[in-house]
Amino acid sequence: MRHRLIGEILIEACGLSEEALEEALKIQGEKGGRLGKILIRQKAISEADLTKALSIQFDLPFLATLPLEDLKTDFTENVSIQFLKKYKMVPVITSNRASIALSDPLLFQPLDDLCRLLGGDGMETVLAPPAAVLSVINFAYDMTRDSAEQVIEGMHEGDTDLILSEIEDIGDLLDDTSDAPIIKLVNLMLSQAVKDHASDIHVEPSQNRVKIRYRVDGILYDKLSPPKHVQSTLVSRIKIMAKMNIAEKRLPQDGRIEIKIGNKNIDIRVSTIPTAFGERIVMRLLDKTNVLITVSGLGMSEDRLRQFDRLIRSAYGIILVTGPTGSGKTTTLYGALSTINTTDINIITIEDPVEYQIEGIGQIQVNPKIGLTFAKGLRSIVRQDPDVILVGEVRDMETAEIAIQSALTGHLVFSTLHTNDSASAVTRLIDMGIEPFLITSSVVAILAQRLIRVICNDCREEYTPDGESLQSIGINPAIIEDNKFYRGRGCSSCLNTGYSGRTGIFELMILDDKLKHLILKSSDANIIKQRSVEQGMATLQQDGAQKVLDGITTIEEVFRVTCQ
Numbered sequence: 054m055r056h057r058l059i060g061e062i063l064i065e066a067c068g069l070s071e072e073a074l075e076e077a078l079k080i081q082g083e084k085g086g087r088l089g090k091i092l093i094r095q096k097a098i099s100e101a102d103l104t105k106a107l108s109i110q111f112d113l114p115f116l117a118t119l120p121l122e123d124l125k126t127d128f129t130e131n132v133s134i135q136f137l138k139k140y141k142m143v144p145v146i147t148s149n150r151a152s153i154a155l156s157d158p159l160l161f162q163p164l165d166d167l168c169r170l171l172g173g174d175g176m177e178t179v180l181a182p183p184a185a186v187l188s189v190i191n192f193a194y195d196m197t198r199d200s201a202e203q204v205i206e207g208m209h210e211g212d213t214d215l216i217l218s219e220i221e222d223i224g225d226l227l228d229d230t231s232d233a234p235i236i237k238l239v240n241l242m243l244s245q246a247v248k249d250h251a252s253d254i255h256v257e258p259s260q261n262r263v264k265i266r267y268r269v270d271g272i273l274y275d276k277l278s279p280p281k282h283v284q285s286t287l288v289s290r291i292k293i294m295a296k297m298n299i300a301e302k303r304l305p306q307d308g309r310i311e312i313k314i315g316n317k318n319i320d321i322r323v324s325t326i327p328t329a330f331g332e333r334i335v336m337r338l339l340d341k342t343n344v345l346i347t348v349s350g351l352g353m354s355e356d357r358l359r360q361f362d363r364l365i366r367s368a369y370g371i372i373l374v375t376g377p378t379g380s381g382k383t384t385t386l387y388g389a390l391s392t393i394n395t396t397d398i399n400i401i402t403i404e405d406p407v408e409y410q411i412e413g414i415g416q417i418q419v420n421p422k423i424g425l426t427f428a429k430g431l432r433s434i435v436r437q438d439p440d441v442i443l444v445g446e447v448r449d450m451e452t453a454e455i456a457i458q459s460a461l462t463g464h465l466v467f468s469t470l471h472t473n474d475s476a477s478a479v480t481r482l483i484d485m486g487i488e489p490f491l492i493t494s495s496v497v498a499i500l501a502q503r504l505i506r507v508i509c510n511d512c513r514e515e516y517t518p519d520g521e522s523l524q525s526i527g528i529n530p531a532i533i534e535d536n537k538f539y540r541g542r543g544c545s546s547c548l549n550t551g552y553s554g555r556t557g558i559f560e561l562m563i564l565d566d567k568l569k570h571l572i573l574k575s576s577d578a579n580i581i582k583q584r585s586v587e588q589g590m591a592t593l594q595q596d597g598a599q600k601v602l603d604g605i606t607t608i609e610e611v612f613r614v615t616c617q
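Quick note: the sequence shown uses this note's numbering, first residue 54, plus one each step.
If you're looking for bench data, these hints aren't it; they were derived computationally from the structure.
Quick reminder that beta carbons are idealized off the backbone N, C-alpha and C, glycines included.
Careful: at least some of the hints might be erroneous.
[To be verified] Pairwise CB distance ranges (calculated):
| no. | residue 1 | residue 2 | range |
| --- | --- | --- | --- |
| 1 | Asp519 | Glu311 | 47 to 53 angstroms |
| 2 | Asn549 | Glu311 | 50 to 56 angstroms |
| 3 | Gly589 | Asn473 | 16 to 22 angstroms |
| 4 | Gly486 | Lys296 | 22 to 28 angstroms |
[What the hints assert, rightly or not] Result set (DSS-like, lysine-lysine): computed pairs, CA atoms no more than 25 angstroms apart in a straight line:
| no. | residue 1 | residue 2 |
| --- | --- | --- |
| 5 | Lys302 | Lys313 |
| 6 | Lys317 | Lys96 |
| 7 | Lys264 | Lys248 |
| 8 | Lys96 | Lys139 |
| 9 | Lys96 | Lys248 |
| 10 | Lys582 | Lys569 |
| 11 | Lys138 | Lys317 |
| 12 | Lys139 | Lys125 |
| 13 | Lys276 | Lys264 |
| 14 | Lys296 | Lys313 |
| 15 | Lys317 | Lys429 |
| 16 | Lys302 | Lys248 |
| 17 | Lys317 | Lys302 |
| 18 | Lys138 | Lys281 |
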């Protein structure tokens with residue numbers, strides 16, 4: 054029987070074009086290398102396509118995904134994670150089957166070595182995509198690591214060994230095999246936070262203990278409480294990782310840590326402040342492997358989405374996004390930019406900090422230490438022939454004035470403002486010293502937003518709320534019989550909160566001629582808001598109430614976010 058060529062199989066089974074194959078063969082002839090790897094680099098096929106084709110070529114079973122339930126992890130005691138990751142192979146032993154999954158069937162020697170280590174020469178060999186293999190490796194070794202509580206119990210006063218070791222490249226935290234308790238504790242703290250989808254880690258010293266809390270879906274939860282003697286080494290370890298000055302304990306400091314946990318690249322912004330009981334640390338976690346959200350994925354209703362999509366394609370003017378810290382303003386602006394980002398427009402941003410890099414956009418990081426403020430950066434940006442400008446935040450009159458001048462001279466400007474609702478943004482700008490006629494001439498829309506938690510799909514249940522609860526968020530109790538209401542019971546997948554993930558609620562105020570005329574007469578936020586509602590604007594609470602009726606969130610969550 055003729056041995057089939059990999060290119061032939063890829064054309065037949067994976068839809069590879071003849072042209073792409075010819076180009077790859079040409080590169081192989083010039084530079085050498087394996088054809089499959091060249092095709093992946095050319096983005097002609099995926100890694101999963103190559104693995105599937107290899108399974109046909111070598112007549113081996115192919116599994117697109119590998120089971121994590123019922124997985125036995127005993128092998129982690131005898132086989133190093135570095136060996137398995139290097140060769141992208143892993144034992145998959147469950148009650149139903151025992152096999153070794155790998156991505157490259159040509160790795161005969163490492164496969165034999167692994168079989169010998171496991172003492173299972175008769176184990177079946179299966180092929181799986183590299184991502185699926187790495188997922189099982191990370192899961193297995195994460196399951197067998199000591200818990201943070203066990204590490205804390207094993208720590209004693211004087212355990213400061215290796216704390217001052219410099220680290221230039223942390224690599225994958227799951228690969229770290231250090232025996233130093235404090236290093237293990239920090240690694241576990243970070244990997245657990247990523248697993249729980251935490252956005253922040255708080256290290257808060259008190260008189261007798263240290264409290265470690267995670268913020269998950271906007272809510273802080275107590276996680277660990279190490280003894281007081283751990284505090285100084287814990288703080289020093291984090292400061293070393295963030296390349297801060299560990300000798301300076303009297304002044305606030307900012308730093309940054311870049312780590313890899315499994316297949317996730319995590320960027321951590323670290324902030325320390327001195328308190329009466331020692332330095333307090335807050336770490337903001339940003340998952341750089343997350344795909345940037347688009348405007349359609351923000352959680353807007355169809356009508357509001359159509360309006361917002363039309364506004365972000367305006368030729369000029371200012372679009373402001375308002376809300377408190379952590380309300381998703383930056384995500385909304387990034388979503389807007391990625392939606393309109395095409396090759397025929399020039400987009401430049403000035404941010405503090407640059408949270409995500411967007412392909413094809415010029416992004417400037419504010420640096421007050423060298424005099425690069427929002428205002429100074431914005432002055433430079435307008436000389437770079439931009440079509441669209443993003444200013445991270447309007448903090449002062451100078452920045453506001455330059456943003457308005459930019460909008461009046463034909464640029465589309467996006468920015469954020471810290472106010473409670475859309476109408477308050479007008480009052481805030483006037484408070485800064487901006488003339489009302491400049492606001493009405495430049496601002497085209499103001500979007501206020503909040504983030505609310507979404508009911509967990511795994512423990513979602515139907516129930517009948519009481520009339521008083523419905524009235525608290527503006528829903529008429531008379532509609533109980535015509536609608537279904539849901540809540541989360543609480544389960545292991547949502548940390549027993551009943552919620553998993555978040556979505557936005559929005560209040561979009563478009564400055565039409567009537568509203569502009571009113572702003573020229575009055576800067577009272579209540580009057581402006583009332584007129585906007587009369588003209589059809591849905592408030593934050595009304596948008597939240599609609600999401601309750603749609604079964605997305607709960608009455609309690611909307612009340613928490615909009616009524617307190």
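Here is how each hint holds up against the structure:
no., hint, in the structure
1, Asp519 / Glu311: 47 to 53 angstroms, "holds (49 angstroms)"
2, Asn549 / Glu311: 50 to 56 angstroms, "violated (32 angstroms)"
3, Gly589 / Asn473: 16 to 22 angstroms, "holds (21 angstroms)"
4, Gly486 / Lys296: 22 to 28 angstroms, "violated (39 angstroms)"
5, Lys302 / Lys313, "violated (28 angstroms)"
6, Lys317 / Lys96, "holds (21 angstroms)"
7, Lys264 / Lys248, "holds (19 angstroms)"
8, Lys96 / Lys139, "holds (23 angstroms)"
9, Lys96 / Lys248, "violated (30 angstroms)"
10, Lys582 / Lys569, "holds (12 angstroms)"
11, Lys138 / Lys317, "holds (15 angstroms)"
12, Lys139 / Lys125, "holds (21 angstroms)"
13, Lys276 / Lys264, "holds (8 angstroms)"
14, Lys296 / Lys313, "holds (17 angstroms)"
15, Lys317 / Lys429, "violated (35 angstroms)"
16, Lys302 / Lys248, "violated (31 angstroms)"
17, Lys317 / Lys302, "violated (32 angstroms)"
18, Lys138 / Lys281, "violated (38 angstroms)"
The structure fails to meet hints 2, 4, 5, 9, 15, 16, 17 and 18 from the earlier list, while all remaining hints are met.
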